[in-house]
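Protein sequence lines, in the order shown, are assigned to chains A, B and C. The end of the first sequence is residue 190 by our numbering, with every number in the run present. The end of the second sequence is residue 190 by our numbering, with every number in the run present. The end of the third sequence is residue 242 by our numbering, with every number in the run present.
Watch out, some of these pointers could steer you wrong.
[Stated by the list, open to error] Below, computed lysine-lysine pairings styled on PhoX-like, alpha-carbon distance capped at 20 Å:
1) C:K189 with C:K218
2) C:K218 with B:K127
3) B:K127 with A:K127
[What the hints assert, rightly or not] Residues of chain B clear of chain A, computed beta-carbon distances all greater than 10 Å:
4) Q9
5) E34
6) L60
7) D61
8) P87
9) E162
[To be verified] A short, non-exhaustive set of chain C residues, derived as facing chain B with CB atoms under 7 Å:
10) G119
11) T130
12) A135
13) L138
To be clear, the hints were calculated from the coordinates, so they are not data collected in a lab. Beta carbons: idealized from backbone N, C-alpha and C, even for Gly.
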Amino acid sequence: MNWNRLERQIEAIVFAAGDPIEISRIAQALDVEESVVRHCINRIRERYFDDQSPFDLVMLDNAVQMCTLPEYGNVIRSALELRRTTPLSQAALEVLATIAYNQPVTRSFVEQVRGVDCSSIIRSLVKKGLIEEAGRLNIPGKPIAYRTTPIFLRSFGLSSLEQLPVLPEEPEEEKGEAKQLEGQMDFFEL
Amino acid sequence: MNWNRLERQIEAIVFAAGDPIEISRIAQALDVEESVVRHCINRIRERYFDDQSPFDLVMLDNAVQMCTLPEYGNVIRSALELRRTTPLSQAALEVLATIAYNQPVTRSFVEQVRGVDCSSIIRSLVKKGLIEEAGRLNIPGKPIAYRTTPIFLRSFGLSSLEQLPVLPEEPEEEKGEAKQLEGQMDFFEL
Amino acid sequence: MDTLSFTVAEYQGPLDLILHLISKHKLNIFDIDISSLLEQYLNAINSWKEQNLEVSSEFLEMASRLVYIKTVSLLPRHEEEHEKLRQDLTGQLIEYSICKQAAKTLGSLYIGQDIFVRGPAPIKIDPTYTLTHPASVLLAALSDAMGRGARRLPPSQEVFEPLVHRPIVSVTTKIFSVLRTLRVDGRVKLDRLYRMNTDRSGVIATFLALLELMKSGKIALQNDQVELISAGKKQEPVSSPR
Numbered sequence: 001m002n003w004n005r006l007e008r009q010i011e012a013i014v015f016a017a018g019d020p021i022e023i024s025r026i027a028q029a030l031d032v033e034e035s036v037v038r039h040c041i042n043r044i045r046e047r048y049f050d051d052q053s054p055f056d057l058v059m060l061d062n063a064v065q066m067c068t069l070p071e072y073g074n075v076i077r078s079a080l081e082l083r084r085t086t087p088l089s090q091a092a093l094e095v096l097a098t099i100a101y102n103q104p105v106t107r108s109f110v111e112q113v114r115g116v117d118c119s120s121i122i123r124s125l126v127k128k129g130l131i132e133e134a135g136r137l138n139i140p141g142k143p144i145a146y147r148t149t150p151i152f153l154r155s156f157g158l159s160s161l162e163q164l165p166v167l168p169e170e171p172e173e174e175k176g177e178a179k180q181l182e183g184q185m186d187f188f189e190l
Numbered sequence: 001m002n003w004n005r006l007e008r009q010i011e012a013i014v015f016a017a018g019d020p021i022e023i024s025r026i027a028q029a030l031d032v033e034e035s036v037v038r039h040c041i042n043r044i045r046e047r048y049f050d051d052q053s054p055f056d057l058v059m060l061d062n063a064v065q066m067c068t069l070p071e072y073g074n075v076i077r078s079a080l081e082l083r084r085t086t087p088l089s090q091a092a093l094e095v096l097a098t099i100a101y102n103q104p105v106t107r108s109f110v111e112q113v114r115g116v117d118c119s120s121i122i123r124s125l126v127k128k129g130l131i132e133e134a135g136r137l138n139i140p141g142k143p144i145a146y147r148t149t150p151i152f153l154r155s156f157g158l159s160s161l162e163q164l165p166v167l168p169e170e171p172e173e174e175k176g177e178a179k180q181l182e183g184q185m186d187f188f189e190l
Numbered sequence: 001m002d003t004l005s006f007t008v009a010e011y012q013g014p015l016d017l018i019l020h021l022i023s024k025h026k027l028n029i030f031d032i033d034i035s036s037l038l039e040q041y042l043n044a045i046n047s048w049k050e051q052n053l054e055v056s057s058e059f060l061e062m063a064s065r066l067v068y069i070k071t072v073s074l075l076p077r078h079e080e081e082h083e084k085l086r087q088d089l090t091g092q093l094i095e096y097s098i099c100k101q102a103a104k105t106l107g108s109l110y111i112g113q114d115i116f117v118r119g120p121a122p123i124k125i126d127p128t129y130t131l132t133h134p135a136s137v138l139l140a141a142l143s144d145a146m147g148r149g150a151r152r153l154p155p156s157q158e159v160f161e162p163l164v165h166r167p168i169v170s171v172t173t174k175i176f177s178v179l180r181t182l183r184v185d186g187r188v189k190l191d192r193l194y195r196m197n198t199d200r201s202g203v204i205a206t207f208l209a210l211l212e213l214m215k216s217g218k219i220a221l222q223n224d225q226v227e228l229i230s231a232g233k234k235q236e237p238v239s240s241p242r
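Hey, can you work out the whole structure from these sequences and the hints?
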């Protein structure tokens, strides 16, 4: 197996794809096993790291995408004359968190958790590409369900949903009471 | 002058720009002379060549663009064309069906029916050749109308729009209810 | 508009406000003192009104919910319901505080604005759709798509029929149904007969049917085993209770 050649081809494909491209597609196009592609991707990433390359290949579920390292954000922004985008609002983060940890979920589920209308926030998160429709739930009214996207993973430095930070356990009736409250106090005293 | 660092920044900028980007803009962002940027670009190109990288920086007038070497064209094409075999999502099917049964219709009609933004789905359906623009409607704002294409007919095994499955007379929900009751009778007759 | 966003910026909603009040006034989230919470909550809303801030309906809805929980607590013999309402609120608050925490953690991970990707290379590929599907999926998709829109129309009268005219289950029907069950099994658990009903009137009709059948000596209740014995099986019509 000519590893070097395969690596070059994979780099070329991932670069040209721009958007995340599935490992399975790369494997099919190159007529090799998926495990070979994954192995090559790891080798490429190591090489980029050793060479201090400004690029990285990020894994997003079963796809891969080429992107720049965060430390180049400022210089890229100034060259492309992009304004620093406003960070996600507290409300947007709450909606994203609710969807990320419970997906696929309906809008009304999110609204129940937050206690407020979330339609405009959901619309803007869809526009930003952070969430997308995930079909309809098979319950009365067939509501649209939402899930997070590969852009979500990339934006939070995750390669899959399993990497989401672990949530605090729901406090048990009496046991964890004191501890939980302490944690919450920290949180409230922000 | 930290040449290595400058090279990395230039690579990052040219990569992120996608389209050709003026040398002057890069120079400005990095606060160096244009000649320095040109020198760095030459160094990057040499390094890519020595490393047998699949990438190259191409100069077009006073702009520069990152691209893949021509010999990778075939493998890239075959990987990207495999995308065509991704089946339509539920959301895409709903938009397509709404257009098929009501054509010619505007985007806002589709969005009214579904209650969510459909612009990116419509764009991708146009790209896939399943729908096309059918001129503009003669109503305020002159919105673009959409209709299905011959590729649409082929994809769903139809020879004309008249062959679209007919809508049932009674609403779905009632039918479902009747079925449910039948099921319940079975249960009683155990 | 500015005033509205001011309110929204301070608190994400009524749950957020309550969490704030609970921490500020050192209330116990697991044993909320509804009276003092209600007082603090109404104070907050009133002060907004004094500042001419628009108070969105969600905050008023929560106010009326708190008032209701307090009212129930004042009614005699409603401890259970009061406890349930309070626990529902506690559960919701805990869930929301977890959501807030998750949002904060996620926010600290956000690097979206510093990572850049590029668009697809302008390589000529044919994006034409090549798969084929049966036309029937279109119809299914259409009815799913219209589900939302259709529901915006006022519901038809038939929709209300089952709510207004509950089906009345006759005792006679239930007598037959009980006998049919017994003819198959010989004996049957009482609660299975009850569980065969989907509504209250069915349960009542079953109960009356059983009384009727016992009175006429067709069936008997086997003391504490909660079983029915068909008289047709040649058993003692009435077994002596212990």
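Looking at D61 of chain B again, its CB stays over 10 Å from all of chain A?
Given that every Cβ of chain A is farther than 10 Å from that of D61 of chain B, nearest at about 17 Å, it holds.
Just checking, E34 of chain B versus chain A, shortest CB gap more than 10 Å?
13 Å, holds
Against the 20 Å threshold, does the CA-CA distance of K189 of chain C and K218 of chain C hold or violate the hint?
16 Å, holds
So is L60 of chain B really clear of chain A, every C-beta pair being over 10 Å apart?
Its Cβ never comes within 10 Å of chain A, the nearest being 17 Å, so this holds.
Holds or violated: are the alpha carbons of K127 of chain B and K127 of chain A at most 20 Å from each other?
19 Å, holds
With chain B as the partner, please determine if L138 of chain C meets the hint condition of a C-beta pair closer than 7 Å.
With Cβ-Cβ at 4 Å, under 7 Å, it holds.
Is the straight-line distance between the alpha-carbon of K218 of chain C and that of K127 of chain B 20 Å or less?
Roughly 75 Å between the alpha carbons, so the hint for K218 of chain C and K127 of chain B is violated.
Minimum Cβ separation between P87 of chain B and chain A greater than 10 Å?
12 Å, holds
Tell me if A135 of chain C is really an interface residue toward chain B, meaning its C-beta lies closer than 7 Å to one of theirs.
5 Å, holds
Does E162 of chain B sit more than 10 Å from chain A, CB to CB?
At roughly 28 Å from the nearest Cβ of chain A, E162 of chain B sits farther out than 10 Å, so the non-interface label holds.
Checking hints one by one. Is G119 of chain C an interface residue toward chain B, by the C-beta closer than 7 Å rule?
Where the cut-off is 7 Å and the nearest Cβ of chain B is about 5 Å from G119 of chain C, the hint holds.
Can we trust that Q9 of chain B is non-interface, i.e. its beta-carbon lies farther than 10 Å from all of chain A?
The claim is violated: Q9 of chain B sits with its nearest Cβ about 5 Å from chain A, within 10 Å.
Going down the numbered hints, you'll see the structure goes against 2 and 4, while the others check out.
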